[in-house]
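Engineer: Take a look at the letters that make up each chain.
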Amino acid sequence: MAGITTHVLDADRGRPAPGVRIDFSVREGDAWRLVKSVVTNADGRTDKPILPGDEARAGQYQLEFHIDAYLKAKPGVTEADIFVDNPVVRFSVFDVKQHYHVPMLCTPGNCATYRGS
Amino acid sequence: MDRHRTDRRDVAGHEFDGFALTRRSLVGAGIGGAALAAVPGALAQANPPPASPSQPGALTTAPVTQAGLGPRLTLHAIDNFHGTPGAGMVCDLSIREGDAYRPIKTVTTAANGRTPEPLLSEDALKVGHYELLMHFEAYFAKTGATLPSPNFLGLVPVRFVIRDASQRYHLPVLFTPWGYSYYRGS
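Those protein sequences? They're chains G and P, same order as listed. Each residue of the first sequence is one higher than the last, beginning at 1 in this note's numbering. Each residue of the second sequence is one higher than the last, beginning at 1001 in this note's numbering.
In short, the hints are calculated from the structure, not lab data. Don't take each hint at face value.
[Said to hold, decoys possible] Below 25 Å or equal to it, Euclidean Cα-Cα: the simulated SDA-like pairs (lysine to any residue) are:
no. : chain 1 : residue 1 : chain 2 : residue 2
1   : G       : LYS97     : G       : ALA56
2   : G       : LYS97     : P       : LYS1105
3   : P       : LYS1126   : G       : ASP81
4   : G       : LYS74     : P       : GLU1117
5   : P       : LYS1105   : G       : ASP85
6   : G       : LYS72     : G       : VAL88
7   : P       : LYS1142   : P       : LYS1126
8   : P       : LYS1126   : G       : LYS97
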């Protein structure tokens, strides 16, 4: 499987983060062009791949995770606790035959991403 | 390359609290920061003397503890790929204004992965949405790491919010060529 997938995890709870909007963009010239916005399902994933393998092209891509709204809606979290701004992950697809899984682990004060599988 | 790594391990080896008081004393005496303006490319020097202004020694770097200091934003870049401080990382700091980010300054981390001066301090620390754009690809190119081109991570935006300008904010960034995390530290 190639293409791009993601997974949003609420690392505070060790649970998937549902209902998180993700804006997916591609680099064109000097600008980022929004391709689509998707929302995570109950499993913290998207129902379909962010980018299906047969549509993958080498290039620069961006995922913006709108975790702010998710965090503010969590019981026990106040706005003052939220240090991480909606994280933006920019990465290269350098080989279209490979799969790029890009998870986002977040809490109000911490976030992490990496190339997963 | 081996020499770079050895040098940074030496610095990393001094990254413990036993030196905190000494460092604070040096900073308090005014010789901790100003004389140590970041010098890009400092790592390229072959085995500089420890006291060289372009290569801060372990005893003249930023304090480990921030206790008792005023409002400030500090950075610590940590290279989890090599197990060293992230030395020589170029970072562009900007603040969001409307839909765009306005550049504030560009800094380069010193041998200890920190910046000689806080990114922002006292009145310069303002409430707002910030971005620190970190030049990962250039950093790893200097280390000689074998990676794809372009690398998976090139220019990495680290976005965070300062909500109270009277507090201290420490921003550690732990990174490898394949991932990173950042958090509000202390």
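Engineer: Evaluate each hint against the coordinates.
Structural biologist: So, going through the hints one by one against the coordinates:
{"no.": "1", "hint": "LYS97/G x ALA56/G", "verdict": "8 Å, holds"}
{"no.": "2", "hint": "LYS97/G x LYS1105/P", "verdict": "39 Å, violated"}
{"no.": "3", "hint": "LYS1126/P x ASP81/G", "verdict": "17 Å, holds"}
{"no.": "4", "hint": "LYS74/G x GLU1117/P", "verdict": "36 Å, violated"}
{"no.": "5", "hint": "LYS1105/P x ASP85/G", "verdict": "20 Å, holds"}
{"no.": "6", "hint": "LYS72/G x VAL88/G", "verdict": "18 Å, holds"}
{"no.": "7", "hint": "LYS1142/P x LYS1126/P", "verdict": "34 Å, violated"}
{"no.": "8", "hint": "LYS1126/P x LYS97/G", "verdict": "45 Å, violated"}
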